[in-house]
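Based on these hints, arrange chain B on the given structure of chain A.
Number of protein chains: 2
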Amino acid sequence: MASLRVLDSLFFPKSVAVVGASANPSGWGGSSFLTDLIKRGYAGKVFPVNPKAQVISGLTCYPDVKSIPEAPDLVIIAIPAPGVPQVLRDCIARGAKNVHIFTSGFSETGEEEGRKLDLEITDIIQNSDLRVVGPNCMGIWVPASKLTYWGDQPRGEGDLSIISQSGGHGEFLTQYAQQLGIYFSKVISFGNASGLQAVDFLEYFETDPATKKIACYFEGMKNGGKFTQLIKSINKTKPVFVWKSGLTPSGSRAVSSHTGSMAGEEKVWKAFYAQSGAVPVNSLEEIADMALAFQYLKPATGRRVLLLGGGGGNSVALADICSREGLDVPRLSENTRLELNKFIRLAGNSVRNPVDAWSAQDTPDIFNKTLEITVNDLNIDVAIIDRLVWNQPDKKEKFDQVNDYLIEFITKYRSTKPIIISLSGINSSLDSVKTRTELLKKLTMSGVAAYPSTLSAARALSKFIAYHEFMAKQ
Amino acid sequence: MASLRVLDSLFFPKSVAVVGASANPSGWGGSSFLTDLIKRGYAGKVFPVNPKAQVISGLTCYPDVKSIPEAPDLVIIAIPAPGVPQVLRDCIARGAKNVHIFTSGFSETGEEEGRKLDLEITDIIQNSDLRVVGPNCMGIWVPASKLTYWGDQPRGEGDLSIISQSGGHGEFLTQYAQQLGIYFSKVISFGNASGLQAVDFLEYFETDPATKKIACYFEGMKNGGKFTQLIKSINKTKPVFVWKSGLTPSGSRAVSSHTGSMAGEEKVWKAFYAQSGAVPVNSLEEIADMALAFQYLKPATGRRVLLLGGGGGNSVALADICSREGLDVPRLSENTRLELNKFIRLAGNSVRNPVDAWSAQDTPDIFNKTLEITVNDLNIDVAIIDRLVWNQPDKKEKFDQVNDYLIEFITKYRSTKPIIISLSGINSSLDSVKTRTELLKKLTMSGVAAYPSTLSAARALSKFIAYHEFMAKQ
Numbered sequence: 001m002a003s004l005r006v007l008d009s010l011f012f013p014k015s016v017a018v019v020g021a022s023a024n025p026s027g028w029g030g031s032s033f034l035t036d037l038i039k040r041g042y043a044g045k046v047f048p049v050n051p052k053a054q055v056i057s058g059l060t061c062y063p064d065v066k067s068i069p070e071a072p073d074l075v076i077i078a079i080p081a082p083g084v085p086q087v088l089r090d091c092i093a094r095g096a097k098n099v100h101i102f103t104s105g106f107s108e109t110g111e112e113e114g115r116k117l118d119l120e121i122t123d124i125i126q127n128s129d130l131r132v133v134g135p136n137c138m139g140i141w142v143p144a145s146k147l148t149y150w151g152d153q154p155r156g157e158g159d160l161s162i163i164s165q166s167g168g169h170g171e172f173l174t175q176y177a178q179q180l181g182i183y184f185s186k187v188i189s190f191g192n193a194s195g196l197q198a199v200d201f202l203e204y205f206e207t208d209p210a211t212k213k214i215a216c217y218f219e220g221m222k223n224g225g226k227f228t229q230l231i232k233s234i235n236k237t238k239p240v241f242v243w244k245s246g247l248t249p250s251g252s253r254a255v256s257s258h259t260g261s262m263a264g265e266e267k268v269w270k271a272f273y274a275q276s277g278a279v280p281v282n283s284l285e286e287i288a289d290m291a292l293a294f295q296y297l298k299p300a301t302g303r304r305v306l307l308l309g310g311g312g313g314n315s316v317a318l319a320d321i322c323s324r325e326g327l328d329v330p331r332l333s334e335n336t337r338l339e340l341n342k343f344i345r346l347a348g349n350s351v352r353n354p355v356d357a358w359s360a361q362d363t364p365d366i367f368n369k370t371l372e373i374t375v376n377d378l379n380i381d382v383a384i385i386d387r388l389v390w391n392q393p394d395k396k397e398k399f400d401q402v403n404d405y406l407i408e409f410i411t412k413y414r415s416t417k418p419i420i421i422s423l424s425g426i427n428s429s430l431d432s433v434k435t436r437t438e439l440l441k442k443l444t445m446s447g448v449a450a451y452p453s454t455l456s457a458a459r460a461l462s463k464f465i466a467y468h469e470f471m472a473k474q
Numbered sequence: 475m476a477s478l479r480v481l482d483s484l485f486f487p488k489s490v491a492v493v494g495a496s497a498n499p500s501g502w503g504g505s506s507f508l509t510d511l512i513k514r515g516y517a518g519k520v521f522p523v524n525p526k527a528q529v530i531s532g533l534t535c536y537p538d539v540k541s542i543p544e545a546p547d548l549v550i551i552a553i554p555a556p557g558v559p560q561v562l563r564d565c566i567a568r569g570a571k572n573v574h575i576f577t578s579g580f581s582e583t584g585e586e587e588g589r590k591l592d593l594e595i596t597d598i599i600q601n602s603d604l605r606v607v608g609p610n611c612m613g614i615w616v617p618a619s620k621l622t623y624w625g626d627q628p629r630g631e632g633d634l635s636i637i638s639q640s641g642g643h644g645e646f647l648t649q650y651a652q653q654l655g656i657y658f659s660k661v662i663s664f665g666n667a668s669g670l671q672a673v674d675f676l677e678y679f680e681t682d683p684a685t686k687k688i689a690c691y692f693e694g695m696k697n698g699g700k701f702t703q704l705i706k707s708i709n710k711t712k713p714v715f716v717w718k719s720g721l722t723p724s725g726s727r728a729v730s731s732h733t734g735s736m737a738g739e740e741k742v743w744k745a746f747y748a749q750s751g752a753v754p755v756n757s758l759e760e761i762a763d764m765a766l767a768f769q770y771l772k773p774a775t776g777r778r779v780l781l782l783g784g785g786g787g788n789s790v791a792l793a794d795i796c797s798r799e800g801l802d803v804p805r806l807s808e809n810t811r812l813e814l815n816k817f818i819r820l821a822g823n824s825v826r827n828p829v830d831a832w833s834a835q836d837t838p839d840i841f842n843k844t845l846e847i848t849v850n851d852l853n854i855d856v857a858i859i860d861r862l863v864w865n866q867p868d869k870k871e872k873f874d875q876v877n878d879y880l881i882e883f884i885t886k887y888r889s890t891k892p893i894i895i896s897l898s899g900i901n902s903s904l905d906s907v908k909t910r911t912e913l914l915k916k917l918t919m920s921g922v923a924a925y926p927s928t929l930s931a932a933r934a935l936s937k938f939i940a941y942h943e944f945m946a947k948q
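Residue numbers (our numbering), protein chains in the order written: chain A, 1 to 474; chain B, 475 to 948.
Calculated from the structure, these hints are not laboratory results. Please read these numbers as outputs of a predicted model, since none were measured by experiment. All the pointers check out, no bait thrown in.
Facing chain B, according to a computed beta carbon distance under 7 Å, are these residues of chain A, among others:
{"#": "1", "residue": "Tyr176"}
{"#": "2", "residue": "Gln179"}
{"#": "3", "residue": "Ser245"}
{"#": "4", "residue": "Gly246"}
{"#": "5", "residue": "Ser250"}
{"#": "6", "residue": "Gly251"}
{"#": "7", "residue": "His258"}
{"#": "8", "residue": "Leu284"}
{"#": "9", "residue": "Gly313"}
{"#": "10", "residue": "Val316"}
{"#": "11", "residue": "Cys322"}
{"#": "12", "residue": "Arg352"}
{"#": "13", "residue": "Ile426"}
{"#": "14", "residue": "Val433"}
Cut-off 20 Å, straight-line C-alpha distance, at most; resulting in silico cross-link-like pairs (EDC-like, lysine to aspartate or glutamate):
{"#": "15", "chain 1": "A", "residue 1": "Lys222", "chain 2": "A", "residue 2": "Glu266"}
{"#": "16", "chain 1": "A", "residue 1": "Lys232", "chain 2": "A", "residue 2": "Glu203"}
{"#": "17", "chain 1": "A", "residue 1": "Lys441", "chain 2": "B", "residue 2": "Asp905"}
{"#": "18", "chain 1": "A", "residue 1": "Lys434", "chain 2": "B", "residue 2": "Asp905"}
{"#": "19", "chain 1": "B", "residue 1": "Lys696", "chain 2": "B", "residue 2": "Asp597"}
{"#": "20", "chain 1": "A", "residue 1": "Lys342", "chain 2": "B", "residue 2": "Glu586"}
{"#": "21", "chain 1": "B", "residue 1": "Lys696", "chain 2": "B", "residue 2": "Glu677"}
{"#": "22", "chain 1": "B", "residue 1": "Lys816", "chain 2": "A", "residue 2": "Glu113"}
{"#": "23", "chain 1": "B", "residue 1": "Lys513", "chain 2": "B", "residue 2": "Glu631"}
{"#": "24", "chain 1": "A", "residue 1": "Lys342", "chain 2": "B", "residue 2": "Glu587"}
Derived Cβ-Cβ restraints for the label pairs, each shown as a range:
{"#": "25", "chain 1": "B", "residue 1": "Gln600", "chain 2": "A", "residue 2": "Lys267", "range": "55 to 63 Å"}
{"#": "26", "chain 1": "A", "residue 1": "Glu438", "chain 2": "B", "residue 2": "Lys869", "range": "22 to 30 Å"}
{"#": "27", "chain 1": "B", "residue 1": "Pro867", "chain 2": "A", "residue 2": "Gly224", "range": "37 to 45 Å"}
{"#": "28", "chain 1": "B", "residue 1": "Gly630", "chain 2": "A", "residue 2": "Gly224", "range": "55 to 63 Å"}
Every residue gets a Cβ at the ideal spot worked out from N, C-alpha and C, and that includes glycine.
Pulled out of the complex, with its shape left as it was, chain A reads as follows (with noise of 0.2 Å):
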C-alpha cells in the first residue's frame, strides 16, 4: 500500500542518485537532472553515478549505485535502455527506497527488443520492494523539496497535484499555469507505468494535506475499477479533472508509440465519469480553465447564466456558446429591464440577456451599475462578463478602470454569486494580444476567474456546475 508515509519518501528524499549523470552541462539526460538539482538548491546528498567519472559539478562520482556509501531515497536513473535492469537490480543489492527510470526505449517503441526489456524490468520490480516511477517519463517535480524535474518550472508552491503520463504535459500547464496564479504540491510524470501506478499516487493524495485539486492525464488505465472507487471518494472532498487520451482510432494508435499503454474504450471511460463525478477534460488548458474555477468561485447549482457584454452579434454568438455548453440565458426580470432602461437606451443596445450595452464597456459609471442591478436579478444563478478586447488606445484608460472596478466587484460578491470574466474579440494585431495577455494575468492574479474566451469561461463553468449538481445527488 503506497500509505503516506512510504511515498513521503520519493516526494521529499533526503537523498538522490543520478544514474547516467555527466560532465557535459548541455547534455540532455542525466547531466540535466544533476544541473538542475544543484541550481534549485535542493538541500538533500545528491550522488552522480557514472563509471567514467571520478567529479561531476564538485560533487564525488560512483561508479555504479552500489558503490553509494549509504542507500539513497530516489535514484534517477538516465542511461540506455539495455543498462538499465543491471541497475535496478544493483538498487535493490543497495537498499534504495525510490526510482525513477527517465530512459526510454522500452515497450513504446513497437519493437521486439523493448518489448522484452519490459519484460524484464518488470519481473525484476515485482519481485521487489522497489518503488518504481516510469520508465520513459520526467519523473517527479515538488516545489516545497527543490526535487527536481526540467525546464523552467515554476517555484511557487500550490495546492494543485498532477499525475500525467507525459512529461511534456506537465511541464507546459505548469508554466502557463503559474501565469494565471495557479501554483503546484506535486507533479507526477510516470510514462510507461510499469511500476507505481495511478492509484498509488491517488491514494497518497488523498490524505496529503498539501493537495486540494487533482488533475491527471492519462493514456491507459490498469486497476480500472479500483482507480474508479478512488476517484469517486476523493473528488468528494478534492475536485479531480480527469484527461483520457487516445479514445479516438487515431488516437489509440499514438497512445501506443508514446507510452505502449491500451487506450481502452470511450464507453469504459463514459462510465467512469459517470460513476466518479470527476471532472472530464480535454486539454492543458481545460485543466487550468477548472483549477481557476474551484480556486475563486462559491459552488453552484443551477444553470441560469447573466451574459454582460457589448455588440449585437458578439451578443448572439456568446449566448449561442453558452446555450451549447449546457448553460441558459435566461430573461432578466422586468423589475430589472426597467432599472436598466433609465440609463441605457433602446436603439443599438439591449437589456435583455445578454445585456448588449455597448457604452458601458467603457464608461464606468455605466458599468458599475448595469452590473450592480443585472448580478442581482433573481433569475440568475451565475454571471459571465465579458470584456471585448480590441485595438482603441483613446480609450484605454476607460477599459482599465472598468476592469479594476471589476476586480473589486467580484471580490465583493464572492460568497455571493460565483460571476467569471471572458475575453472575447479577435484582433491579432500585437498591441491588443498584448492587452488580452496582460489583462488574463492581472485579472487571474488578483483573484479571479478568468478565461481567454467565451468558449473556454462557458464550459469551465458549466463543468464546476456539473460537479456541484453531482455532490448534491450524492
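This is chain B only, laid out in the frame that chain A set:
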C-alpha cells in the same frame, strides 16, 4: 432584380449624402461616416444633410435630401428612428438610388413603437424603387471605392466578400484577417434587412469578377428556397462560408433582440448545408481559417493526414483532435519508417504517425529530411506540420531557420499536396505570445495556410476537404 448594373451604384456611388452629419468630430453616427469618407479620400461628391448647419467640414450642408442639387447615388441615414420615414420619402422625391439606414430602434427593440416604425418604412420601401440597406446596420464598405464603414478598416483590396447581419462581426473580422494577409472586396452589414436581402447581394457576387470567396453571417433568413439554390450555384465556383447563428434556445432569443430576426430551426439549416455544399462555420476565426485554406491549398478529397510535430503527449493530443474532426492519421509506409530510422532514434521519438521527432523541431537538417520523406509517403493525402511554440531563447535561431525552410518547402509543394501549419503549445508568457503572433503573421503573409491551434487547423482542413468531396459528387 439586383443585377450587377443595378447594385453598382451602391458599391461605387458617384455621390453620397449623409443625413445626420454634424460638426462634432467625435460624434457617434452621421459625423463618423462623413469624417471617414473625407479621411479615406472618397472621390465622389459628398453632401452633408443637417437643417441646423450651413457648412460641415468645409462642405455645403443641406437642410434635407430634397434640397440636394442632384440625385445622390447613396444616402446614409443616421438620425433617430422617428425621423427616418420622412427622409425615405424625401429620397424617393429626389430620385436617390440607394439608401443605407444606420439608425437603430425598430423591431429589434421588441417595443411597440419600434415595430410600428418598421411597418412604416417597409411600406415605403416596397412601394418604391429605392434600394435600402438596413436599418440597424453599418452599411457598405468597399475598399476600391473608398466607401466608408467605421473604425480602422484595412485598406488593401482582396477577393473575399462578406454579407453580415452584424456590423461588429464585419469590423472585427476585417481587422483580424488583414493581419493574416486576407483582404476584402465588399463588406456588407445589412442589419434588420427590411430592404435588400441576402439573395440580392449574393446575385451580385455571383457574377462580380472581384469576388472569389464569400462569407455570410445570418441571424434570420427570408426567401429560404431561393437562397439555397443560389448558394448551391455560386458555391461551385466561389466557395461560400455560412455562419448561421441563433440556432440554440438562448441564441435565438438574442437574435430577436439584435436584428429582430426569426432565427429558424436547426434542421432546416442542416438541410441547407447538405443541399448547397456551403461550408458551415461558427465563428469569425473560422471564416478567416477557411479563407486561408481556399487561398493557398490545392483541392483535396483524401482525409489521410500526416502529423509532424514533437512531444509524446502532444502527439496523442494532435491525433485525437484530427480524429474528432473527421481526419485519419494512418500508419506511414514501411519504407518511410525505415528511411526515418536511419537518422531518428527510436527511444523518445516515434516514426509512426504522428511523427514525434523531438530533435527535428529545432534542428534544420533533421527537420528538412523528415519533411521530405514523410510528405512524399503514398499513404498520405494532406499534411499538418505542427510547430510547438515555447520559451527557448537559446534555440530561437534554429527555430526560425526551420520556419523559413517550411515556407520554402510548402511553396515548392503547392501544386503537389495540401500542407498546412498549426501552432501548438500553451505558454502564456508575453514572449511566447509575441512569438506565436509574429510567426502566424509571417507564415500567412508568406502564402502559407497557418493556424493558431491544432484544433483550428484540423477543423479547417476537414471542412476544406468536405467541400471538395461534395463537389466531386456533383
